[in-house]
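Line by line, the protein sequences are chains A and B.
According to my numbering, the first sequence is numbered sequentially starting from 165.
According to my numbering, the second sequence is numbered sequentially starting from 72.
FYI, nobody ran anything at the bench for these hints, they're computed from the structure.
Idealized CB from N, CA, C, for every residue including glycine.
You may find that some hints are simply not true.
If you only want the chain B side, here are some residues facing chain A, beta carbon under 10 angstroms, derived [unchecked claim]:
| no. | residue |
| --- | --- |
| 1 | SER114 |
| 2 | HIS122 |
| 3 | LEU128 |
| 4 | LYS133 |
| 5 | ILE141 |
| 6 | GLU143 |
| 7 | LYS175 |
| 8 | THR204 |
| 9 | LYS249 |
| 10 | PHE250 |
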Amino acid sequence: MLKNSFLCSSSRVSIASLTVVAMADEIILLDFWASHFGMRVRIALAEKGLKYEYREENLWNKSRLLLEMNPVHKKVPVLIHNGKPICESLMIVQYIDEVWKDKSPLLPSDPYQRAQARFWADYVDKKVPQLYHELGKKIWYTKGEEHEAGKKEFIECLKFFEGELGEKPYFGGENFGFEDVALVPLSCWFYTYESFGNFSVEDECPNLMAWAKRCGQKESVSSSLADPHKVHGFVMEMRKRLGID
Amino acid sequence: MAEEVKLFGMWASPFSRRIEVALKMKGIQYEYIEEDLSNKSPSLLNYNPVHKKVPVLLHKGKPVAESLVILEYIDETWKQNPILPADPYEKAMARFWAKFLDEKLWPAAKKVVLSKGEEHKGLIEEIQEHLKTLESELKEKKFFGGESLGFVDIAANIIFWLLVVQETLGLDILTEDKFPGLHEWNHRLLDDAVFKECVSMERLLASFKVRFGALTASK
Numbered sequence: 165m166l167k168n169s170f171l172c173s174s175s176r177v178s179i180a181s182l183t184v185v186a187m188a189d190e191i192i193l194l195d196f197w198a199s200h201f202g203m204r205v206r207i208a209l210a211e212k213g214l215k216y217e218y219r220e221e222n223l224w225n226k227s228r229l230l231l232e233m234n235p236v237h238k239k240v241p242v243l244i245h246n247g248k249p250i251c252e253s254l255m256i257v258q259y260i261d262e263v264w265k266d267k268s269p270l271l272p273s274d275p276y277q278r279a280q281a282r283f284w285a286d287y288v289d290k291k292v293p294q295l296y297h298e299l300g301k302k303i304w305y306t307k308g309e310e311h312e313a314g315k316k317e318f319i320e321c322l323k324f325f326e327g328e329l330g331e332k333p334y335f336g337g338e339n340f341g342f343e344d345v346a347l348v349p350l351s352c353w354f355y356t357y358e359s360f361g362n363f364s365v366e367d368e369c370p371n372l373m374a375w376a377k378r379c380g381q382k383e384s385v386s387s388s389l390a391d392p393h394k395v396h397g398f399v400m401e402m403r404k405r406l407g408i409d
Numbered sequence: 072m073a074e075e076v077k078l079f080g081m082w083a084s085p086f087s088r089r090i091e092v093a094l095k096m097k098g099i100q101y102e103y104i105e106e107d108l109s110n111k112s113p114s115l116l117n118y119n120p121v122h123k124k125v126p127v128l129l130h131k132g133k134p135v136a137e138s139l140v141i142l143e144y145i146d147e148t149w150k151q152n153p154i155l156p157a158d159p160y161e162k163a164m165a166r167f168w169a170k171f172l173d174e175k176l177w178p179a180a181k182k183v184v185l186s187k188g189e190e191h192k193g194l195i196e197e198i199q200e201h202l203k204t205l206e207s208e209l210k211e212k213k214f215f216g217g218e219s220l221g222f223v224d225i226a227a228n229i230i231f232w233l234l235v236v237q238e239t240l241g242l243d244i245l246t247e248d249k250f251p252g253l254h255e256w257n258h259r260l261l262d263d264a265v266f267k268e269c270v271s272m273e274r275l276l277a278s279f280k281v282r283f284g285a286l287t288a289s290k
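Bound-form chain A, shown alone (with noise of 0.2 angstroms):
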């Protein structure tokens, strides 16, 4: 009887506990499917092994969700932690990072390394947006000198990452990390930019190229970045809308 009671009352408590464990993390992330900042935050998530909700956001109908969660910026990604949002990639990766600290860390441990990983991260954050909305839309939108220019200074730039790299296996040394995580998701749209600018990255920056193939040879980059080839489609899907071809 008494070891009845005492075996039944320990399945309580493990169902309770079971219980919380599983109320214990709702994650949530709002999204785009070619969004370079979401794919950064996919790979965290899956470098730490986590179970999340994903939420496809309509960026020209943004959801109340995405407008409640981020009013501030009212952009892509949107981490919800049990209810609470976090915004901006970068933040939102260390933000990970700390929270479920005991598996694959992303940043160093050594506070001189986190801040090198931090500044590099900082100036990918910098660059990212002239990568894609200037010097890339410069490729695949428009013709001529404007387009030639572009594509110099897009060359440019992945020249500068991959002197940056040189030998090393990642950005930040032997270890796959924040670094990475915060440029990667730029190369699957290398075959976009490579088609339209009718050029080779890994003819120009062999050392990026092999970085972008170790990095996708990752369950959890491969996972969370796009088809290069739907990225591609949808290039063409936005040149047909603006009128090009």
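Chain A is fixed; fit chain B onto it per the hints.
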């Protein structure tokens, strides 16, 4: 063994002054090197080859650049008087607001000085939108960091540069009636011994009057 800490800075740069606030708040001894931004030292260019800007913190010979990155480095290296909250969510919020200040408020505040006509009007409206956002974030709190001065308050030092622009050009952007919370917060910060040392309002005003005093509010 004394830790060697050097700061390459410039007295009129809010980004540089942020670092001084943090170092002083934590009681860290450091050597300050004033940079002439029209003639940058080889050391600065060597320690920050990517951006070539102040501030740069040199700790035991190793450089750290970008003011918000430096603030986090200082907070992680010297644990007394923490600047950032310990809770990851609160920390994410602090980082968010610091970035908002740098990416939204600062660029508009910089542009408004030399702008004219419609652009000028538009920038003032934009700045006030951002101030409204900050006012509602501040709410009833003493500081953005809560009871004590924190990461966001240090980053929000750029608001003082906005006040200098405002006074120099005779503009009405951040006023007590429109932004009572921020107005109170300004005074609270200027009452803080460390912070006050790292703003130099009179010197900034004098310098701005010389550079921009000819530009008036009638644009």
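Checked hints:
At about 18 angstroms, the closest approach between the beta carbon of SER114(B) and any beta carbon in chain A exceeds 10 angstroms, and the interface hint on this residue is violated. Because the closest C-beta pair between HIS122(B) and chain A is about 8 angstroms apart, less than 10 angstroms, the hint holds. The criterion of a C-beta within 10 angstroms of any C-beta in chain A is met by LEU128(B), whose closest approach is roughly 9 angstroms, and the hint holds. Look at LYS133(B): its Cβ gets to within about 6 angstroms of chain A, closer than 10 angstroms, so that hint holds up.
The restraint placing ILE141(B) at the interface with chain A holds, with a minimum CB-CB distance near 7 angstroms, inside the 10 angstroms limit. Because the smallest distance between the Cβ of GLU143(B) and any Cβ of chain A comes to about 7 angstroms, under 10 angstroms, the interface hint for this residue holds. Below 10 angstroms, beta-carbon pairs count as interface contacts, and LYS175(B) has one with chain A at about 8 angstroms; its hint therefore holds. Because the closest C-beta pair between THR204(B) and chain A is about 6 angstroms apart, less than 10 angstroms, the hint holds.
Hint status for LYS249(B): violated, given a least beta-carbon distance of 19 angstroms to chain A, over 10 angstroms. Because the smallest distance between the Cβ of PHE250(B) and any Cβ of chain A comes to about 17 angstroms, over 10 angstroms, the interface hint for this residue is violated.
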